[in-house]
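Asker: Please work from the sequences and hints to get the whole structure.
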Amino acid sequence: MRTGLIFAGALLAAAVQAQEPPFPQKAPIEITVLFPAGSSADVTARLLADGMSKQLGARVIVFNRPGAGGAIGYKYVASQKPDGYSVVWNSNSVSTTYHSGMMPFDYHAFDAVARVLVESPVIAVRGDSKWKTLAELIAEAKSRPKQLTVGNSGIGSHTHISAVALFKAAGTEVVDVPFGAAQVVPTLLGGQVDAVLQLPAALSGYVKTGQVRLLASLTTARDPVLGDVPTAREQGFDVSLEAWRGIAVPKGTPKPVIAALEGAIRKTAESPDFAQASERLGVRPAFMPAEEFDSLIAKEDAELARLMQLIGLKK
Numbered sequence: 008m009r010t011g012l013i014f015a016g017a018l019l020a021a022a023v024q025a026q027e028p029p030f031p032q033k034a035p036i037e038i039t040v041l042f043p044a045g046s047s048a049d050v051t052a053r054l055l056a057d058g059m060s061k062q063l064g065a066r067v068i069v070f071n072r073p074g075a076g077g078a079i080g081y082k083y084v085a086s087q088k089p090d091g092y093s094v095v096w097n098s099n100s101v102s103t104t105y106h107s108g109m110m111p112f113d114y115h116a117f118d119a120v121a122r123v124l125v126e127s128p129v130i131a132v133r134g135d136s137k138w139k140t141l142a143e144l145i146a147e148a149k150s151r152p153k154q155l156t157v158g159n160s161g162i163g164s165h166t167h168i169s170a171v172a173l174f175k176a177a178g179t180e181v182v183d184v185p186f187g188a189a190q191v192v193p194t195l196l197g198g199q200v201d202a203v204l205q206l207p208a209a210l211s212g213y214v215k216t217g218q219v220r221l222l223a224s225l226t227t228a229r230d231p232v233l234g235d236v237p238t239a240r241e242q243g244f245d246v247s248l249e250a251w252r253g254i255a256v257p258k259g260t261p262k263p264v265i266a267a268l269e270g271a272i273r274k275t276a277e278s279p280d281f282a283q284a285s286e287r288l289g290v291r292p293a294f295m296p297a298e299e300f301d302s303l304i305a306k307e308d309a310e311l312a313r314l315m316q317l318i319g320l321k322k
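In the numbering used here, the protein residues as written are 8 to 322.
One thing to keep in mind: the hints can contain errors.
[Claimed, not checked] The calculated DMTMM-like cross-link candidates involving lysine to aspartate or glutamate, where the alpha carbons are at most 25 Å apart (straight line), are:
(1) 215 to 280
(2) 88 to 301
(3) 139 to 249
(4) 321 to 310
(5) 274 to 299
(6) 322 to 113
(7) 61 to 37
(8) 262 to 57
[What the hints assert, rightly or not] Across the chosen pairs, the derived CB separations fall in these ranges:
(9) 298 to 74: 29 to 39 Å
(10) 231 to 302: 41 to 51 Å
(11) 34 to 152: 47 to 57 Å
(12) 278 to 35: 14 to 24 Å
(13) 66 to 180: 45 to 55 Å
(14) 143 to 312: 27 to 37 Å
(15) 317 to 140: 22 to 32 Å
(16) 156 to 234: 56 to 66 Å
(17) 283 to 108: 34 to 44 Å
(18) 241 to 287: 20 to 30 Å
(19) 262 to 32: 13 to 23 Å
(20) 136 to 162: 17 to 27 Å
(21) 150 to 61: 47 to 57 Å
Read the hints as simulated data drawn from the structure, not as lab findings.
For each residue, glycine too, the CB sits at the ideal point set by N, CA and C.
Answerer: What follows is the structure, given as structure tokens:
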């Protein structure tokens, strides 16, 4: 009798599994964005979601779960079923949130799917500012130590670390002012801070209207998307902290599901529509498949840990 019950149970489980629609037809795919609506992360995630929806023939929806430098969103996705229906729009923040003590687990809680794009952190001032170059801003900071205010997207965020690294390399200190990512640019335009360290997608519209001036990008070479904006290195300050964004899923997600997501992301990131929209936002498509992306995250995690230790942000 017991054997018969077990057999019947197995048949029932098999029948349920057989009725389960193939990925991704069971439900919408949720992309968790770690920052609020209007932020660089949000704008670019929605661009990706549109493309993935077309490629997969399924709904791909963006949910904003901001807070704690990204930790709230990471914790949410890490706790979800590893079936491909809950993914995170991850970034270098997977390392910064862990090493700053805001998140109890590191990147090993996720499986990498694909890198999608890269962004160049930029130092920016208002369009009517007296500072026309990075050297002029640095000179002012040196003449008035710990008086200039520089906004960033939150303590321990990539923009915060970039700002600290820049002014440390310049041999001076400023007042770092953390805001929610969507509030950084309004505070600059409203005159509450002297400058901001931010990612281009959040600034591009204001740069085009002349309300914001970019003084430097924190990259190894000039970003073609940013036109004639010089790098900090060109101007004598050896800082390069390129930011990336990609998709990750909870650890243990089946390989065929990861492959399906990776394929849809590749087609989206390499499409002319995505390239044109990215250029308007000031970001660069930079598709990288799962295995390479996983290696990049591991390498950068070690480097960010070293940098955060150096500038006193590592817990």
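Asker: Next step is simple, just say for each hint if it's right about the structure.
Answerer: Against the structure, the hints come out as follows:
For the given pair, residue 215 sits about 21 Å from residue 280 by alpha-carbon distance, which is consistent with the 25 Å threshold. For the proposed pair residue 88 and residue 301, the alpha carbon gap of about 20 Å is at most 25 Å, so the pair holds. Of the supplied pair hints, the one linking residue 139 and residue 249 holds, its CA atoms being roughly 23 Å apart against a limit of 25 Å. This hinted pair checks out: residue 321 and residue 310 have alpha carbons roughly 12 Å apart, not beyond 25 Å.
For the hint linking residue 274 to residue 299, the alpha-carbon distance of about 17 Å falls within 25 Å, and the restraint holds. For the given pair, residue 322 sits about 13 Å from residue 113 by alpha-carbon distance, which is consistent with the 25 Å threshold. For the suggested pair residue 61 and residue 37, the alpha carbons sit about 15 Å apart, so the restraint of at most 25 Å is met. Restraint check for residue 262 and residue 57: satisfied, since their Cα atoms lie roughly 23 Å apart, inside the 25 Å limit.
At about 31 Å, the CB distance of residue 298 to residue 74 agrees with the hint of 29 to 39 Å. Between residue 231 and residue 302 the C-beta distance comes to about 25 Å, which lies outside the given range of 41 to 51 Å. The beta-carbon spacing between residue 34 and residue 152, approximately 55 Å, falls within the hinted interval of 47 to 57 Å. Restraint check, residue 278 to residue 35: a C-beta distance of roughly 21 Å satisfies the suggested window 14 to 24 Å.
Our hint of 45 to 55 Å for residue 66 and residue 180 holds, since their Cβ atoms are close to 48 Å apart. Residue 143 and residue 312 have their C-beta atoms about 33 Å apart, which keeps the hinted 27 to 37 Å range intact. In this structure the hint that residue 317 and residue 140 lie 22 to 32 Å apart at CB holds, the actual value being about 26 Å. The hint said 56 to 66 Å for the Cβ distance between residue 156 and residue 234, and at roughly 27 Å that hint is violated.
Judged by the Cβ atoms, the range 34 to 44 Å given for residue 283 and residue 108 holds: they are separated by roughly 40 Å. Between residue 241 and residue 287 the beta carbons are some 25 Å apart, a value that agrees with the proposed interval 20 to 30 Å. Distance hint for residue 262 and residue 32: a CB-CB separation of about 18 Å, consistent with the stated range 13 to 23 Å. As the Cβ distance of residue 136 to residue 162 is approximately 25 Å, the hint placing it in 17 to 27 Å holds.
Distance hint for residue 150 and residue 61: a CB-CB separation of about 54 Å, consistent with the stated range 47 to 57 Å.
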